[in-house]
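Whenever a hint applies, use it, and build me the whole structure from the sequences.
2 protein chains.
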Amino acid sequence: MLPRGRPRALGAVALLLVLLLLVGFFLFGGDPEYGLRAAASIDEDPHRNHNLSASVLQLPLSPKCELLQVAIVCAGYNSSREVVTLVKSVLFYRKNPLHLHLVTDAVARSILDTLFRTWMVPAMVVSFYDAEELKPLISWIPNKHYSGFYGLMKLVLPSALPLSLARVIVLDTDVTFASDIAELWALFAHFSDEQVIGLVENQSNWYLGNLWKNHRPWPALGRGFNTGVILLRLDQLRQAGWEQMWKPTAKRELLTLSATSLADQDILNAVIKEHPELVQPLPCVWNVQLSDHTLAERCYLEAADLKVIHWNSPKKLRVKNKHAEFFRNLYLTFLGYDGRLLRRELFGCPSQLPPGAEQLQQALAQLDEEDPCFEFQQQQLTMYRVHITFLPHQPPPPRPHDVTLVAQLSMDRLQMLEALCRHWPGPMSLALYLTDAEAQQFLHFVETSAVLSARQDVAYHVVYREGSLYPINQLRNVALAQALTPYVFLSDIDFLPAYSLYDYLRASIEQLELGSRRKAALVVPAFETLHYRFSFPTSKAELLALLDEGSLYTFRYHEWPRGHMPTDYARWRQARAPYRVQWAADYEPYVVVPHDCPRYDPRFVGFGWNKVAHIIELDAQEYELLVLPEAFTIHLPHAPSLDISRFRSSPTYRDCLQALKEGFHQDLSRHYGASALKYLTALQQPRSPA
Amino acid sequence: MLPRGRPRALGAVALLLVLLLLVGFFLFGGDPEYGLRAAASIDEDPHRNHNLSASVLQLPLSPKCELLQVAIVCAGYNSSREVVTLVKSVLFYRKNPLHLHLVTDAVARSILDTLFRTWMVPAMVVSFYDAEELKPLISWIPNKHYSGFYGLMKLVLPSALPLSLARVIVLDTDVTFASDIAELWALFAHFSDEQVIGLVENQSNWYLGNLWKNHRPWPALGRGFNTGVILLRLDQLRQAGWEQMWKPTAKRELLTLSATSLADQDILNAVIKEHPELVQPLPCVWNVQLSDHTLAERCYLEAADLKVIHWNSPKKLRVKNKHAEFFRNLYLTFLGYDGRLLRRELFGCPSQLPPGAEQLQQALAQLDEEDPCFEFQQQQLTMYRVHITFLPHQPPPPRPHDVTLVAQLSMDRLQMLEALCRHWPGPMSLALYLTDAEAQQFLHFVETSAVLSARQDVAYHVVYREGSLYPINQLRNVALAQALTPYVFLSDIDFLPAYSLYDYLRASIEQLELGSRRKAALVVPAFETLHYRFSFPTSKAELLALLDEGSLYTFRYHEWPRGHMPTDYARWRQARAPYRVQWAADYEPYVVVPHDCPRYDPRFVGFGWNKVAHIIELDAQEYELLVLPEAFTIHLPHAPSLDISRFRSSPTYRDCLQALKEGFHQDLSRHYGASALKYLTALQQPRSPA
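From first to last, the protein sequence lines are chains A and B.
The first sequence begins at 1 in the working numbering and counts up by one.
The second sequence begins at 1 in the working numbering and counts up by one.
Simulated from the structure, these hints should not be mistaken for laboratory data.
Same chains, same names: a pair is fine if it fits in one copy or spans any two.
Lysine to any residue pairs mimicking SDA-like chemistry, simulated, CA-CA at most 20 Å apart: (1) Lys322 / Leu360; (2) Lys322 / Phe347; (3) Lys519 / Ala507; (4) Lys64 / Ser179; (5) Lys64 / His323; (6) Lys251 / Ser139.
Have a look at this one:
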């Protein structure tokens with residue numbers, strides 16, 4: 001590994017020379033005028049500077065397994081998605097435990113809390129702080145920046161974050177890491193006693209002023225600094241009375257400037273202009289700014305290494321830039337990156353498993369890989385990453401009889417969404433089973449669909465794919481848990497409800513006093529067409545006519561009539577009022593129930609018995625089954641799913657499903673005792689195969 | 001950026017001390033007994049060693065934009081897939097131009113040549129060397145290792161690679177990079193004048209012997225070295241007469257040892273045992289070996305950083321290891337990584353665009369992003385990455401009338417493959433439009449299907465997804481170009497041919513003297529069913545009966561009868577002999593043609609007119625259209641594709657298709673002159689919309 005003999009001696013002499021130069025640089029180099037240094041740094045080779053200083057000093061500064069602290073302010077649906085991509089990029093390169101401090105509004109809190117809880121990344125702790133509580137501290141500042149109040153909250157982090165926290169890296173949601181965050185953390189060691197904030201120079205001429213007539217930016221040193229990436233010495237800021245430093249400055253400037261243009265960044269620059277000793281300028285590669293008129297090229301063309309990219313244009317990824325494609329590719333890497341792969345432990349650091357991970361690992365370890373049903377068992381134990389309300393969503397106003405359509409789908413059923421929106425004008429809660437990359441395709445699909453982007457009452461919950469069996473009931477439970485109305489219509493994605501169904505269901509719920517006086521499940525009779533294009537019946541009369549002429553059938557009439565036989569289609573033809581039907585084996589109608597109904601049994605993955613088990617559960621809990629006389633829903637044709645194909649072709653698959661059924665019945669007996677006997681008896685009766 | 005004042009002075013003093021220690025270590029450290037050093041190195045902190053030496057000396061050693069040389073020996077279908085993952089991992093972290101030297105058999109050559117040509121990665125040059133030519137140089141060595149001859153070829157690289165090449169990094173196909181390869185290249189600078197080969201210690205006790213009774217490994221220094229990652233000083237090896245060093249040693253050892261167990265690695269270790277001065281031991285993190293009884297944990301638990309992982313167990317990713325999950329995640333990162341994102345230029349290095357890239361960039365730059373058909377234009381210009389014969393494949397033996405079924409599909413039609421295999425016992429050439437991640441799912445799908453894995457005559461060609469429109473004709477052309485029989489049946493994936501079709505077509509081709517005496521396209525009449533499950537007719541008589549009872553229809557009878565009307569189904573009912581039909585507007589039959597037939601027009605992307613244009617081209621080139629009286633193929637139902645949904649719902653989409661048609665007709669007139677007039681006239685006749 002080491003040079004030997006004469007070359008070694010020569011190498012050592014050369015090395016010594018280099019090092020003496022380096023030491024001299026440390027002792028005598030540098031420029032006391034920070035403004036100029038910072039302004040000049042864009043044109044230097046920032047990587048060289050950084051590399052020498054950071055790598056030589058690296059060992060004492062960033063000990064293995066040191067916990068790194070990161071704070072991010074995040075509000076709303078879109079920023080929550082951004083944070084995920086940012087965190088993925090950090091996790092990809094990190095080798096240290098992390099503590100994320102997330103200042104969030106209620107929306108982001110709910111999304112990110114679910115996401116990180118289900119992500120189960122080892123050696124990462126997440127704490128939440130309520131942005132509402134911080135609002136009064138900064139809402140007095142008039143601000144024109146697109147980040148709104150939230151950008152300004154970075155100013156009050158020293159008081160918002162725990163007192164025990166001495167240092168933190170503060171990141172905007174629109175940055176992407178291309179290197180290990182520990183290298184950034186290591187730069188804290190370069191801070192002098194006076195320095196409390198590390199920043200990269202602003203890579204545009206904004207603060208130089210005169211970009212246009214009457215352009216009057218806030219005061220700054222030279223080009224000023226960008227606040228997308230900040231190193232904060234919280235301890236020193238608190239000691240120095242930070243609030244008493246920035247507030248008076250902000251107030252004074254606001255006497256002549258009507259508002260901040262760039263939120264916290266304007267105020268920080270004004271403070272630094274007054275107190276240049278506070279700032280430690282950071283190498284430009286730690287915040288390569290891709291704004292509309294960026295000068296970042298001077299930085300990255302010289303550097304061997306980009307460390308952090310900052311999409312600080314309101315156009316974000318669509319910014320025009322000679323090298324935009326290059327930067328987009330880096331970003332897209334993490335956008336589509338399978339987050340599951342980041343559930344990596346850190347070698348050589350004390351185990352830091354997230355809550356529940358250890359039990360899960362033990363349960364998985366107890367499975368027998370040679371068991372033919374191993375895949376089924378593994379899939380049931382899987383903790384899926386869940387990103388609820390992936391897209392902006394307007395929760396429905398509280399209405400006592402409102403009903404949400406609940407369904408789940410994967411990529412191959414996306415094309416159903418528009419038609420579904422046309423048929424169901426009410427709220428929907430949909431679980432989508434997607435890879436990270438597919439989630440982005442889905443986003444694009446919604447954005448380019450006029451029908452879908454017009455709907456704010458459809459909530460999309462992404463469950464990230466893992467394993468080879470479709471976890472149908474876990475998906476249903478995610479969608480069900482996120483429904484916000486008192487009632488839910490438990491549907492499937494390949495069904496289109498009658499145009500009138502939403503209104504009719506609400507009226508029926510009210511009339512039948514469902515939920516309050518009556519514990520019932522309202523059955524929506526199901527039909528099917530074999531044609532992709534057909535004229536959807538606008539009334540029960542039209543439907544019956546199509547049925548009579550053979551254009552429609554009752555659902556699965558040819559293949560599995562037992563599934564819906566108890567609905568009693570003959571009676572339904574004539575019915576004018578809701579009628580009660582009795583449970584029978586294999587019954588799996590589509591029903592409307594109160595939101596607090598039993599959850600689906602998550603053991604049923606892949607094809608088969610997933611709805612049947614749920615209806616048994618309803619019956620066991622003594623839900624009446626009431627068929628609605630004017631309700632109907634129609635199944636559209638599609639190719640058999642991969643799971644149904646496997647069910648049909650693989651005896652093992654059918655055996656494993658049988659084992660699931662038996663386990664379900666055992667649990668049923670345990671819960672409901674003798675009254676569950678009828679389900680077991682029904683199961684054991686001979687019948688034709690599915 | 002730099003510490004200031006007193007802390008700076010203190011820092012400098014501390015630094016100086018560290019550096020003096022380091023220099024002392026360089027001058028006086030090290031152990032003359034390489035075997036012991038190497039054996040001990042597993043237990044040290046290898047990262048520390050490496051980091052100090054490499055990072056301090058890094059600047060003079062690895063100048064920005066230096067071209068790095070990499071050699072890989074690769075043979076067969078599976079190793080070709082491995083190489084792609086390896087190269088992706090290298091490209092992900094690299095910041096230097098690369099020259100890949102690939103020693104390949106004919107299979108790997110054809111796969112990788114196509115792949116790299118279509119990948120168009122800037123600043124990467126690929127050269128191929130014929131493994132057949134090297135075989136005589138090493139085939140005399142008896143070898144028990146699973147890598148066969150090919151592992152041994154690493155021994156003859158000094159003579160196989162160009163004389164101008166002075167240094168090269170040699171990699172096994174089963175390694176994955178987790179860091180910048182330039183850091184590995186930089187280790188060349190540590191070589192003394194005598195050292196010619198850099199290697200990492202073997203991380204198992206194999207070479208210590210006595211693993212089992214009569215286990216007698218080849219001689220090695222201590223634990224010996226692993227040859228998955230090698231730094232080779234080719235210039236010095238040539239000068240030292242390398243062949244005269246390893247050959248006598250190998251011959252001598254083979255007098256007592258019957259064969260090599262670990263191929264080249266055994267021989268290199270024997271040579272090094274004799275000439276320890278030749279080797280430069282490398283830090284263990286550059287080859288973390290995940291073999292069955294690995295001791296690698298001692299390396300990676302200490303290191304802050306893993307640089308290269310080596311899957312050197314025959315079980316590869318299925319190796320049992322306490323941390324297997326961690327390493328698999330790193331590997332899966334690149335397995336599923338979208339290779340398109342690696343088409344990144346290197347900033348600050350001279351532009352090194354691959355052939356054709358500049359013209360492509362210019363053509364793309366000339367498109368107007370605001371044009372409503374921009375997406376169509378962009379998609380036509382896209383250069384798709386193509387991985388031909390993604391899975392092992394046995395080309396069909398040359399037979400004069402053999403016919404290959406040609407089709408294309410994406411993930412949502414995978415479940416058709418088994419049925420297709422049952423219906424078509426002959427060769428198939430299928431293009432699959434997949435993401436990198438989907439390609440792995442596809443691989444898993446084939447491996448777990450008994451039907452598919454039994455078939456060696458089905459060639460799967462992966463075309464990697466890019467853009468939002470399905471490039472249907474480009475896919476067809478890939479599958480068509482890879483068909484290896486004299487005739488092709490141009491089908492679609494949602495059709496199942498008559499069980500007898502393969503035999504019947506070959507007989508018909510022979511009988512009709514297709515291709516030799518007669519320039520004709522044989523039409524296979526198309527039908528459709530609306531039921532997913534139906535009993536497939538085993539004869540024309542059965543088919544006609546199903547047609548009469550309304551269980552089958554002629555294809556697209558309800559929606560677009562024009563597409564197949566000229567086939568003249570009424571005549572077909574009665575026909576006993578092939579009959580000729582005339583072209584008419586919108587005719588798009590499924591045909592059998594000689595392999596050298598015209599290609600599909602790649603401008604047609606998404607839905608519409610893609611087959612119609614091809615049939616026009618056949619007619620324009622005066623192919624007779626002959627309907628076969630006993631042939632038939634049946635379309636199975638599926639949900640409408642995303643593209644057909646867009647066609648139906650978007651007027652812009654239809655306008656853009658219209659523009660494509662017009663462009664096609666202009667080109668047609670240019671090629672065929674007045675005789676093409678009939679197509680244009682037909683186009684302009686009024687008709688019902690598609």
